[in-house]
Amino acid sequence: MLTILGAVALSATAYYLSIGLGPFWPAVWIAPIPVLVVAARRRARTAALIAFAACFAGSLNLLTFLARVMPLPIVIVMLALTSLVCVTAVLSARLAMQALPGGIAAFAFPATWTAGEFVLSLLSPHGTAFSLAYTQTDVLPLLQIASVTGLWGVTFLVTLAPSAAAAAWVRGSPALVPAALIFACVFAFGFSRLRQDRSMVPIRVGLAATDEGIRAAVETRDPVLARRVAREYADRIAQLGARAARVIVLPEKFVGITQANSPAVLSILADAARSARATVVAGVNRIGDPPHNVALVFRPDGGIETEYEKHHLLPGAETGYGIGATPGIFAPPAPRVTSPFPVADVVWGIQICKDLDFTEWSRRYAQQGARIVAVPAWDFVRDARLHSRMAVMRGVENGFALARAAQEGLLTLSDAYGRIVAETTSGQHPDALLVGDLAPGPGATLYTRWGDWFGWFAFCAAAILLMWAGVTG
Numbered sequence: 001m002l003t004i005l006g007a008v009a010l011s012a013t014a015y016y017l018s019i020g021l022g023p024f025w026p027a028v029w030i031a032p033i034p035v036l037v038v039a040a041r042r043r044a045r046t047a048a049l050i051a052f053a054a055c056f057a058g059s060l061n062l063l064t065f066l067a068r069v070m071p072l073p074i075v076i077v078m079l080a081l082t083s084l085v086c087v088t089a090v091l092s093a094r095l096a097m098q099a100l101p102g103g104i105a106a107f108a109f110p111a112t113w114t115a116g117e118f119v120l121s122l123l124s125p126h127g128t129a130f131s132l133a134y135t136q137t138d139v140l141p142l143l144q145i146a147s148v149t150g151l152w153g154v155t156f157l158v159t160l161a162p163s164a165a166a167a168a169w170v171r172g173s174p175a176l177v178p179a180a181l182i183f184a185c186v187f188a189f190g191f192s193r194l195r196q197d198r199s200m201v202p203i204r205v206g207l208a209a210t211d212e213g214i215r216a217a218v219e220t221r222d223p224v225l226a227r228r229v230a231r232e233y234a235d236r237i238a239q240l241g242a243r244a245a246r247v248i249v250l251p252e253k254f255v256g257i258t259q260a261n262s263p264a265v266l267s268i269l270a271d272a273a274r275s276a277r278a279t280v281v282a283g284v285n286r287i288g289d290p291p292h293n294v295a296l297v298f299r300p301d302g303g304i305e306t307e308y309e310k311h312h313l314l315p316g317a318e319t320g321y322g323i324g325a326t327p328g329i330f331a332p333p334a335p336r337v338t339s340p341f342p343v344a345d346v347v348w349g350i351q352i353c354k355d356l357d358f359t360e361w362s363r364r365y366a367q368q369g370a371r372i373v374a375v376p377a378w379d380f381v382r383d384a385r386l387h388s389r390m391a392v393m394r395g396v397e398n399g400f401a402l403a404r405a406a407q408e409g410l411l412t413l414s415d416a417y418g419r420i421v422a423e424t425t426s427g428q429h430p431d432a433l434l435v436g437d438l439a440p441g442p443g444a445t446l447y448t449r450w451g452d453w454f455g456w457f458a459f460c461a462a463a464i465l466l467m468w469a470g471v472t473g
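Residue numbers (the numbering used here): 1 to 473.
Take the hints with a grain of salt, since some may be wrong.
[Claimed, not checked] Cβ pair distances, simulated, as ranges:
| hint | residue 1 | residue 2 | range |
| --- | --- | --- | --- |
| 1 | Arg43 | Gln196 | 21 to 29 Å |
| 2 | Thr306 | Ala67 | 34 to 42 Å |
| 3 | Leu123 | Val177 | 34 to 42 Å |
| 4 | Ala260 | Phe189 | 52 to 60 Å |
| 5 | Gln367 | Met467 | 30 to 38 Å |
| 6 | Arg68 | Trp450 | 36 to 44 Å |
| 7 | Leu2 | Thr326 | 50 to 58 Å |
| 8 | Ala260 | Gly316 | 26 to 34 Å |
| 9 | Pro73 | Gln367 | 37 to 45 Å |
| 10 | Ala463 | Ala244 | 51 to 59 Å |
By construction, these hints were calculated from the structure, which means they are not laboratory data.
Computed from a predicted structure; not experimentally measured.
Where a beta carbon is used, it is the ideal one built from N, C-alpha and C, also for glycine.
Take the sequences, apply the hints, and build the full model.
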C-alpha cells in the first residue's frame with residue numbers, strides 16, 4: 001500500500017529525472033502513477049497537496065539553471081504555476097476515477113494536463129517551454145503524431161499511459177483497453193511515417209560556432225574587435241566551404257555592429273560568402289536605439305538576399321529590442337548535381353533561437369513553403385539539448401528540416417521526422433564546425449493546416465469529463 005510520503009517521493013523523483021533538464025525520458029511515463037493512485041483515495045485538499053509537492057519537487061532540476069537568467073522569486077512563481085497544471089489534472093483524475101467507468105476516467109488526467117499546458121503556452125512569454133512533450137523527442141514513432149496534433153498530442157499520450165495504469169490499479173484492468181487501442185494506432189502511424197520516401201536531393205549544410213569571447217563581441221562598439229570577430233567567422237566559412245557546404249549557418253548575435261562599423265563587418269562576411277560560393281546566414285546584433293537582433297542572408301555572389309529580425313524576444317535580456325513582424329524566407333541556388341529526382345530551388349526559412357519556442361510562428365513558415373529552416377541561436381549551456389529538441393519538435397510539426405547553430409549550445413542538423421543527422425557541442429576549443437547532408441522536409445502537414453486544434457479539443461474534453469463526473473458523482 002502506497003503511503004502519501006512514498007507516493008510524493010516516487011513521483012517527484014521520476015519527474016526530476018525526466019522533465020526540464022532531466023535526461024531520462026522513460027521516467028515521465030510512470031511519474032504520475034503513485035500520486036494518482038494515492039490521490040484517488042484521499043480528500044480533494046490532500047490530493048492537491050500531494051500533487052503540488054510531487055510536481056514542484058520534480059521541477060527543481062530547473063531551479064539553479066533558471067535562477068542564472070532571472071530573479072529567484074520569479075523562478076519559484078513560474079515553477080509553482082506549472083505545478084498547478086499538475087494539481088488540476090490530478091484533481092480532475094481523482095473525481096473521474098470516483099465517478100466514471102475506468103476506461104473513460106483514464107482520459108481525465110491527460111485531457112486536463114494537456115489543456116493546462118496549452119492555456120499556459122498562450123499566456124507565457126516562454127511559449128511551450130515547459131511542455132512534457134519535449135521529454136519524448138527521442139521516441140521517434142511517438143513523435144510523428146505531432147505532424148497531426150502538434151506537441152499537444154504528445155503531451156496527451158505521455159500522460160494517458162500512466163493515467164490508464166492508475167485507473168486500472170484503482171478500478172480494474174479494463175481501464176487499459178481504450179488507451180491500448182489508441183497507442184496501437186499512434187505507433188502504427190508513427191512507424192509508417194518514418195518509412196516515407198526521403199528521395200529529395202540533400203543539401204550540404206555547414207554550421208559554425210564558438211563560445212570564446214562571445215560576451216565581449218555581442219555588445220562591442222570597438223570596430224577593431226568587431227572586424228576581428230568577423231574575420232574569424234570568415235575563416236570558418238572558408239573551412240566549411242572547402243568541405244562543399246552550400247549553405248552555412250552562424251550563431252545568433254555573434255558580433256555587435258554599429259552604424260559606423262557595419263560596412264566593414266558586412267564586407268568581410270560578404271567576401272567570405274563569395275569566396276566559399278555559399279549562402280551564409282549570419283546572426284548579428286545591430287546596436288542602436290532600439291537594438292535589433294537580426295539574421296542576414298548573404299548570397300554566393302556576396303549580396304544580401306534578406307534580413308530577418310527576431311520575433312519572439314527573451315524577456316529581460318532583450319527587453320527594448322525591436323520586434324520582427326515578418327517571417328524570413330529565402331531560396332538558395334539549387335545544387336548542381338546529377339540525380340534521378342527533380343532538383344529545384346528549396347524554400348528556406350530563418351528563425352532565431354526563441355522564435356521556435358512558439359508553435360504559431362513556425363506554422364507560418366510551413367504555410368509559406370519552407371522545407372528547411374536555418375536557426376542562429378544562443379543557449380545557456382545547461383539547456384543546450386532541451387532547447388535544440390524544442391526546435392526539432394517544430395520541424396516534425398510542420399514538415400521542415402532544421403539547421404541550428406547555437407553559441408553555448410549544440411550545433412544540430414535534424415530532418416523533418418526528428419532524426420538527428422549530425423550534432424556537436426559549441427564548447428570545443430577554439431570553435432566547432434559541423435557539416436552534413438540535409439534533406440528538405442515534405443512541407444506543410446495536417447498540423448500546419450489545422451493549427452492547435454488538439455489543444456482546444458483537450459480543453460473541451462476535460463470540461464466535458466469534469467461535468468459528467470460532477471453530475472454522476
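Could you work out which of the previously given hints the structure breaks and list their numbers from low to high?
Those not satisfied come down to hint 1.
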